[in-house]
Amino acid sequence: MAFDKRPKELLDALAELELEAKKAETIRRGLESYARAREGRLHNLLELLEPGKKPNLKVWLDKGMAAIRDAHDAFAKLDEGNAWLAGVATQEHRFFFRIYRLGAVAHRDKMVAQTLNLEQAMKEFENKWGKIRDSDKRIDERLKKTAEEYDKMLVEAARCASATEKQARERMLDSFEKALNLGVRGAQLGAVGKVLQLATKTIKMCLDQTKARRLEIFALLSREEQVFTTFKETREIVAEFLEDNGYPMIKDALDDGEDALDDLAKGMITDGQKADAAEFAKEARDELGKVFSAAERQYKDFARKHEHLFFGPLGGSYMQELAENDDWKRFSRSWKDHRRDFDDLLRERTLAASDRKILEVSLDGLDDEARREVYNTLRAACADLLKAWNAWKDFTKDPEWILDSREDVQSILKALR
Amino acid sequence: MLACAGASPRRAGEWVDMAAGHSKLRAARDVREGYEGRRVAWIDWDSGFRGSGLRVGDRLVGDSGGDYSPEAVDAGAVIGASEGGRIGDLGLEAGQTITLHVERQPAIGGPGERLSFTAPLVENRTTRDAEGRRAFGEDGPAHGEKGGFTYAYSSWYEKFRDLVETVLLGWDYTAGYDTRRLGERLEEHRARVEHLEANYPGAFARAAREDLDAALAALAGEARELTEADLEYRKLGDVRGAQISEAADRALAAYLAAAEGAGAGFVDAPFPVPNAFEVDVSELVGRRIRLPEIGDRDLLLEAKRSWYRFGRSQGLYVISRQDPATRPLFRAVDEYIEKVDPNVGRRRLTFFGAIEPIPALVSDVRRSQTEVALRVRPLAALVTDHERPEHRLFVDMEAGASAAEGAPVEAFAGEAALLAVGRPELTPELDPAGVMRALFACLKLGDFDTFLACFATWKVRRHYDRAGSSSYVDLSWVTLNERDAVSVWDSSRRELLADVCGLEVAAVSEPEVVFDAANEPIAAFDPAPEPAKVERVRVLVNHIGRAGDGDGPPRYRTFAGGKYHRKWTLERLDDGPWRVTSAQPI
Chain A
84 MAFDKRPKEL
94 LDALAELELE
104 AKKAETIRRG
114 LESYARAREG
124 RLHNLLELLE
134 PGKKPNLKVW
144 LDKGMAAIRD
154 AHDAFAKLDE
164 GNAWLAGVAT
174 QEHRFFFRIY
184 RLGAVAHRDK
194 MVAQTLNLEQ
204 AMKEFENKWG
214 KIRDSDKRID
224 ERLKKTAEEY
234 DKMLVEAARC
244 ASATEKQARE
254 RMLDSFEKAL
264 NLGVRGAQLG
274 AVGKVLQLAT
284 KTIKMCLDQT
294 KARRLEIFAL
304 LSREEQVFTT
314 FKETREIVAE
324 FLEDNGYPMI
334 KDALDDGEDA
344 LDDLAKGMIT
354 DGQKADAAEF
364 AKEARDELGK
374 VFSAAERQYK
384 DFARKHEHLF
394 FGPLGGSYMQ
404 ELAENDDWKR
414 FSRSWKDHRR
424 DFDDLLRERT
434 LAASDRKILE
444 VSLDGLDDEA
454 RREVYNTLRA
464 ACADLLKAWN
474 AWKDFTKDPE
484 WILDSREDVQ
494 SILKALR
Chain R
29 MLACAGASPR
39 RAGEWVDMAA
49 GHSKLRAARD
59 VREGYEGRRV
69 AWIDWDSGFR
79 GSGLRVGDRL
89 VGDSGGDYSP
99 EAVDAGAVIG
109 ASEGGRIGDL
119 GLEAGQTITL
129 HVERQPAIGG
139 PGERLSFTAP
149 LVENRTTRDA
159 EGRRAFGEDG
169 PAHGEKGGFT
179 YAYSSWYEKF
189 RDLVETVLLG
199 WDYTAGYDTR
209 RLGERLEEHR
219 ARVEHLEANY
229 PGAFARAARE
239 DLDAALAALA
249 GEARELTEAD
259 LEYRKLGDVR
269 GAQISEAADR
279 ALAAYLAAAE
289 GAGAGFVDAP
299 FPVPNAFEVD
309 VSELVGRRIR
319 LPEIGDRDLL
329 LEAKRSWYRF
339 GRSQGLYVIS
349 RQDPATRPLF
359 RAVDEYIEKV
369 DPNVGRRRLT
379 FFGAIEPIPA
389 LVSDVRRSQT
399 EVALRVRPLA
409 ALVTDHERPE
419 HRLFVDMEAG
429 ASAAEGAPVE
439 AFAGEAALLA
449 VGRPELTPEL
459 DPAGVMRALF
469 ACLKLGDFDT
479 FLACFATWKV
489 RRHYDRAGSS
499 SYVDLSWVTL
509 NERDAVSVWD
519 SSRRELLADV
529 CGLEVAAVSE
539 PEVVFDAANE
549 PIAAFDPAPE
559 PAKVERVRVL
569 VNHIGRAGDG
579 DGPPRYRTFA
589 GGKYHRKWTL
599 ERLDDGPWRV
609 TSAQPI
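Protein chains in written order, with our numbering: chain A, 84 to 500; chain R, 29 to 614.
No wet-lab data here; the hints were simulated from the structure.
There's no promise every hint is true.
Cross-link-like lysine to aspartate or glutamate pairs, in silico, DMTMM-like; alpha carbons within 25 Å at most [stated by the list, open to error]:
(1) R:Lys487 to R:Glu548
(2) A:Lys383 to R:Glu558
(3) A:Lys146 to A:Glu133
(4) A:Lys136 to R:Asp392
(5) R:Lys332 to A:Glu379
(6) A:Lys227 to R:Glu306
(7) A:Lys357 to R:Glu306
(8) A:Lys206 to R:Asp392
(9) A:Lys136 to A:Glu366
(10) A:Lys334 to A:Asp384
(11) A:Lys284 to A:Glu431
(12) A:Lys235 to A:Asp223
(13) A:Lys470 to A:Glu253
(14) A:Lys91 to R:Glu384
(15) A:Lys315 to R:Glu384
(16) A:Lys315 to R:Glu548
(17) A:Lys146 to R:Glu558
Pulled out of the complex, with its shape left as it was, chain A reads as follows (with noise of 0.2 Å):
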């Protein structure tokens, strides 16, 4: 028996009485049936405070009420006792208050609910985080299918430039041989016309493809974005759960668990209360630490997923996942060596269109019509070429604006570091 320095206390008293024999026969065996009954009680009660999924502070309350009631009833049925029972009920009474109102069950009962809620949070973030991850995998898979087609138009529109040019001087040049030796003009002209506004139309397309992919890349932008705010809210949210199912959080409960067993000793009248009521308080603390432990565990299994995801400054390696610089870094390159190659091509000077030179081949040796006949016929497709030239060379200026545009995205994520 743990909890038997009060029997006994109560055994040596009885002794102490001088009772008839008979009389003082009943009470003894009364009093070592109570003692059974408390044992028991005293058990049960414990019971409560082990680690478990329930809250069991009702029940503790329950348990201890009818251990309160029992504790004088037990001796109103000993009526021989005198005052001396009826002392040894009130202080009975009085032992099993105390137990009753131990704050000791409802931080164990506050342990148990961080350990359920540390084991659910962790499924729902753990979700979450899949779902974000993999959305996030998505738009950047479109973002990179998107970015390599851009990518090809600008090599498209290089390639087109390059053959334009390469083209049309030589068709140029053939045109003026057949127009200085033989006098043939127009079809020859047709020709160079047909390559420069081929070209034109090409680059055009190439614009409009690449308007419409960069168009593309800011709505997908935009969707990650939204991914962005939404890990940033679940970051906010953990960080909420946390003030209350935090380590430091479980480590108070045990602590004041702990606290209010380390006063239940001080409030018993007699010593075999308070022995017994230290025992109790020693095994009630070990079951506490049990609890404590599960909570424990759980918090860092929910740490070791979580940290550094959802709380914590963000890892580099969900940064990266996430942010995916690398990949931008390489298209922000290919293309600002792409750009480096426009500027070689289709210079003005190359398109530039007078009555003396065209397409860089001088017209001299050609009489003044047949001067004028070309420049009217090559001026109008010269022009336009270099329209649709320059306005591509505009729109694809600055190879940077990916990482630019995705600067405001990124500063989501650069704040959770």
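Chain A is fixed; fit chain R onto it per the hints.
Just chain R, lined up with the frame of chain A:
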């Protein structure tokens, strides 16, 4: 009314010789709590004490010969009981005066007022009429005379006297005292008394009239003014519910019309709901939508958030319950329960809102579903009682923002037109009358939790053994457990909506100490017992009901009934708050 018989001729001067003096009082044991003694049960019509001021119910404590000893009281050797010996010891005869000392008790117990009344002793003579029949005095009817009624005067007078005695003992002496029923029974005697006055005018008739009037006055209660505000609680429930429903319908129509007029009308929420992570939803942002009706339990619960959810397989709209924009809804429902219908249970909700730019990522762990939902900011809501759809309220959640600073804002449409009923506040410093008033307010308003908190969680009990007994305070006691509380609650609230229109505290006794740890065995063992002291008071409660018939403005008077409890006890531990220790309905 039967034909009145004429007075019987009598032979003058025919007396039965009884020269010894008599008080013509009847004394009976007083069965009130804590008192062992005798009280005045009746003052005969021909007693010298008629008109002296002595009353039925006065406690007899002594006479000219001094105060009565307990033995004398126990033996009945008091005036009004076995008085012959007493009068003889005093050497008094008929015609000589005797002084009676009595205690007149206050309503709620405690020491009484000591009074003295002096009156002549009379002869216990028998009067006979000309036909030799016993009669009620020289000018009263013969005992056997019926006067056209069913019973003879002697039988009638016995019934009348018993009834008047019961009435004059007061509202709190006899169990089941019902002022209205007793009044009806007394009225049945009016015809007889009037017959007496008409045909046998004299001392007996005068005494009968005095007794009838005194009894009717005792039953009449006291007038009370009850204002519309006092009675407003009776409108809680159906009457107010209908009023607010009409206001809700008007307000909703006006709200929608105003929105339409401002070019900001509501459309039905489009389904399927696009996924904001996958498609561009910017053109939906700001759109004002009417969401499909849901139950108040159509919730999505997360670790730190809860959401009203709209939609299932075709995408979700959600409204955050933690959003400050939603708070007016909760306040409105609380106010509605308090002021209109305390019985509202589950509700149906129809929201009007605007789609927010930032979507919500919500996770239902139980169903293993995580979805991207469109977040809606609530602008207004129609709340309908699930069980009684005729009860509904309309909440404009932006009303607070658009109102002028400091201007009162209705929690729900029509609230301002409701009169305030008054909140119950159970504060620790309330005196016993205050606690009772708080309890009454809880019953009127439907505040069950505060009602339960009015009751004590202890009991002063006695422990008995052969050597004696001792008191202790059982701190595990529950005066009113939840199951009994529901029964007490229901019957009290039914009465407050039926015959009882008001309750008041009529009297509060002085506190008496019913437990003092210093005087109990625990003092030997525990230097600091808790509690050290328990005090108790008795409270008398008046029930107020409507008096008279329906014509004219309503009048209210106090009344008593067999099912109503006037006597209550409250206690407190040490100097703590007072709490009710009577587990009973009103």
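For this session: Output the numbers, in ascending order, of every earlier hint that fails for this structure.
Result: Hints 2, 7, 14, 16 not satisfied by this model.
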